[in-house]
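Asks: Read off the chains here:
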Amino acid sequence: MVNTKVTLCGTELKNPIIPASGTYGFGYEFADIYDINVLGSLSFKGTTLEPRFGNPTPRIAECAEGMLNAVGLQNPGVDKVIAEELPKLKACFEGPIMANVSGFSLDQYRETVRRLDAEKQIAWFEINVSCPNVHGGGMSFGTDPKAAASVTAEVRKVTDKPIIMKLTPNVTDIVSIAKACEEAGADGISMINTLLGMVIDLKTKKPVLANKMGGFSGPAIKPVAVRMIYQVYEAVKIPIVGMGGVSNAEDVIELMLAGATAVQVGAANLREPFACKRIIEDLPKAMKKYGITNLQDIIGGAH
Amino acid sequence: MKQSIFTVKENTRLTDTVLRMVLAGDTSAITATGQFVNVLLEGKYLRRPISVCDWAEGELTLIYKVVGGGTEQMSKMQAGEELDILSGLGNGYNTAKCGERPLLIGGGVGVPPLYALCKKLIAEGKDPHVILGFNTAQEVFLKQDFEALGVKVTVATADGSMGVKGFVTDAMKELDYDYFFTCGPEPMFKAIEKIAKTSGQYSFEERMGCGFGACMGCSCKTKYGNKRICKEGPVMEREEIIW
Numbered sequence: 001m002v003n004t005k006v007t008l009c010g011t012e013l014k015n016p017i018i019p020a021s022g023t024y025g026f027g028y029e030f031a032d033i034y035d036i037n038v039l040g041s042l043s044f045k046g047t048t049l050e051p052r053f054g055n056p057t058p059r060i061a062e063c064a065e066g067m068l069n070a071v072g073l074q075n076p077g078v079d080k081v082i083a084e085e086l087p088k089l090k091a092c093f094e095g096p097i098m099a100n101v102s103g104f105s106l107d108q109y110r111e112t113v114r115r116l117d118a119e120k121q122i123a124w125f126e127i128n129v130s131c132p133n134v135h136g137g138g139m140s141f142g143t144d145p146k147a148a149a150s151v152t153a154e155v156r157k158v159t160d161k162p163i164i165m166k167l168t169p170n171v172t173d174i175v176s177i178a179k180a181c182e183e184a185g186a187d188g189i190s191m192i193n194t195l196l197g198m199v200i201d202l203k204t205k206k207p208v209l210a211n212k213m214g215g216f217s218g219p220a221i222k223p224v225a226v227r228m229i230y231q232v233y234e235a236v237k238i239p240i241v242g243m244g245g246v247s248n249a250e251d252v253i254e255l256m257l258a259g260a261t262a263v264q265v266g267a268a269n270l271r272e273p274f275a276c277k278r279i280i281e282d283l284p285k286a287m288k289k290y291g292i293t294n295l296q297d298i299i300g301g302a303h
Numbered sequence: 001m002k003q004s005i006f007t008v009k010e011n012t013r014l015t016d017t018v019l020r021m022v023l024a025g026d027t028s029a030i031t032a033t034g035q036f037v038n039v040l041l042e043g044k045y046l047r048r049p050i051s052v053c054d055w056a057e058g059e060l061t062l063i064y065k066v067v068g069g070g071t072e073q074m075s076k077m078q079a080g081e082e083l084d085i086l087s088g089l090g091n092g093y094n095t096a097k098c099g100e101r102p103l104l105i106g107g108g109v110g111v112p113p114l115y116a117l118c119k120k121l122i123a124e125g126k127d128p129h130v131i132l133g134f135n136t137a138q139e140v141f142l143k144q145d146f147e148a149l150g151v152k153v154t155v156a157t158a159d160g161s162m163g164v165k166g167f168v169t170d171a172m173k174e175l176d177y178d179y180f181f182t183c184g185p186e187p188m189f190k191a192i193e194k195i196a197k198t199s200g201q202y203s204f205e206e207r208m209g210c211g212f213g214a215c216m217g218c219s220c221k222t223k224y225g226n227k228r229i230c231k232e233g234p235v236m237e238r239e240e241i242i243w
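Heads up: the sequence lines are chains A and B, in that order. Counting in my numbering, the first sequence tops out at residue 303, every number present. Counting in my numbering, the second sequence tops out at residue 243, every number present.
For the record, the hints were derived by calculation from the structure and aren't laboratory data. All residues carry an ideal CB built from backbone N, CA and C; glycine is no exception. Any given hint could turn out to be false.
Stated by the list, open to error - Here are the computed lysine-lysine pairs in the BS3-like style, where the Cα-Cα straight-line distance is at most 25 Å:
hint : chain 1 : residue 1 : chain 2 : residue 2
1    : B       : LYS2      : A       : LYS88
2    : B       : LYS65     : A       : LYS203
3    : A       : LYS205    : B       : LYS65
4    : B       : LYS44     : A       : LYS205
5    : A       : LYS161    : A       : LYS88
6    : B       : LYS190    : A       : LYS203
7    : B       : LYS44     : A       : LYS277
To be verified - Partial pick of chain B residues on the chain A-facing surface, computed with a CB cut under 8 Å:
hint : residue
8    : MET1
9    : TYR45
10   : LEU46
11   : GLU206
12   : PHE212
13   : TYR224
14   : ASN226
This is chain A alone, in the form it adopts within the complex:
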């Protein structure tokens, strides 16, 4: 028997698999095709204080072994999320929920977290300071250590739940940003958000995305994620939620060896709706193959 349980900031997950925010809605689209209670947790669609439509379409482009998106944080706003989306999610998922929150000012981050804080099933806040698809917020907080620290400290004021800061790879030194978040009171780091990219259509000779640039994800980015998780693991004491191109159980083990305590699955959900379920089912087999009994024991094993 192998043990797939991991503990993330004091909450136990039956396995480390968490669908990444923005690729899984509020879970119920997937609950139509399989029991999503197999998941360790799920990170819901990035929520902001006010409703957002997001960017114009096309918002999606394809590339080799991956895709770009420029959705731009479309969501119905925190009040509707609480009133309409979370009841539907709770009806199909009993496990701990990761609440993904985005903002355009410190006040917005704080107020969104404050309103969600009463939700008992939310076990962690994942604070997105890394969305590459919005202007004047999102990633601009995550590219500067001081700004990332200020968001962490602001959110800390209104919740006792663990705060996991979701970082962008679109920086020169991700380690300094992770350390700044840790010093400001973050309980964990989640990484990596998408890489800023562009695809040009040769027929129209223009960028495919209406937003021109978008977030690049999929298997092609995995080595970047592994490298950055490895670097941050060496520099911080708080746990890391790893993500970036994960499509199978071997990828999960690789990110955990680099230093991830839990692992998110993103773009793979869009290509293959059963991706998380398949990875969870394959995980014990992959653990046996590589002589792993306790998944928790391999975290950071590559160091």
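Position chain B against the provided structure of chain A, taking the given hints into account.
Replies: Just chain B now, with coordinates in the frame of chain A:
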């Protein structure tokens, strides 16, 4: 929605760039005409959304145009090869809203989903009239298939090489109808919107990530709120569309 493996039974060229692929597989998730499937292709990260032309128990018919690398790859597939397909996607046409004499207007590769719709309307005792719009006579496909259903078919070609010279809207002008269903390029939709005399339903296209409502990649604004082309669409009612 269902994810399952389909086997190619036939893959025949209808015109220079349009092919008919008949597949064997589980079609139980398909519940309405105008729905689509999302096809996974070797070496392509995202699936290709393709409208359902027709289906029966165990058999799916897709008519698709070669527009890029993915559909090029599909065009080379032979009988016996397999495809991973998500089926039963989208809302589809709602025939409960139409009257006795609906008009079906297809433009180019927008024609295929109207075929199963036409069969359904006939089965419901309606008397559909079909307008098929193409650029040239060489591009025309499915005309005989519609005629074999026993409905009135008007072809419009932009260069006048077959049927009415001009666009589908030139063919529409003289006709008497009490509802319309359409699928085709957006410039055609805008032309229809200007002259249509009744209510109707439009089937839209957009670049999609997932095809089943998870990624919000294909959202649009409507008078009834934000909708996802892949989930609450692709078919929208005339009254809700913001042009």
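Asks: Next, verify each hint and record whether it holds.
Replies: Now the hints, each set against the structure:
A C-alpha spacing of about 21 Å is found between B:LYS2 and A:LYS88, which places the hinted pair at or below 25 Å, so the restraint holds. For the hint pairing B:LYS65 with A:LYS203, the CA-to-CA distance comes to about 16 Å; that is within 25 Å, so the pair holds. Distance hint between A:LYS205 and B:LYS65 is fulfilled; the C-alpha atoms sit about 21 Å from each other, no more than 25 Å. Distance restraint check for B:LYS44 and A:LYS205: the Cα-Cα separation of roughly 21 Å lies within the 25 Å cut-off, and the hinted pair is therefore satisfied.
A hinted pair counts as satisfied when its Cα atoms are at most 25 Å apart, and A:LYS161 with A:LYS88 qualifies at roughly 22 Å. The straight-line distance between the Cα atoms of B:LYS190 and A:LYS203 is roughly 23 Å, inside the 25 Å bound, and the hint therefore holds. Simply put, B:LYS44 and A:LYS277 have alpha-carbon atoms about 22 Å apart, close enough for the 25 Å limit, and the pair holds. Given hint, B:MET1 at the interface with chain A, holds; its Cβ is 6 Å from that chain's nearest Cβ, closer than 8 Å.
Restraint check, B:TYR45 versus chain A: the minimum CB separation of about 5 Å is within 8 Å; hint holds. Annotation: B:LEU46 was flagged as interfacial toward chain A, and the flag holds, the nearest CB pair being 5 Å apart, inside 8 Å. Proximity of B:GLU206 to chain A holds as hinted, the smallest CB-CB distance being about 6 Å (cut-off 8 Å). Interface hint status for B:PHE212: upheld, as the beta-carbon distance to the closest one in chain A is roughly 6 Å, under 8 Å.
With a least beta-carbon distance of about 14 Å to chain A, the hint placing B:TYR224 at the interface is violated under the 8 Å criterion. Against a cut-off of 8 Å between C-beta atoms, the interface hint on B:ASN226 holds, since the closest Cβ of chain A lies about 6 Å away.
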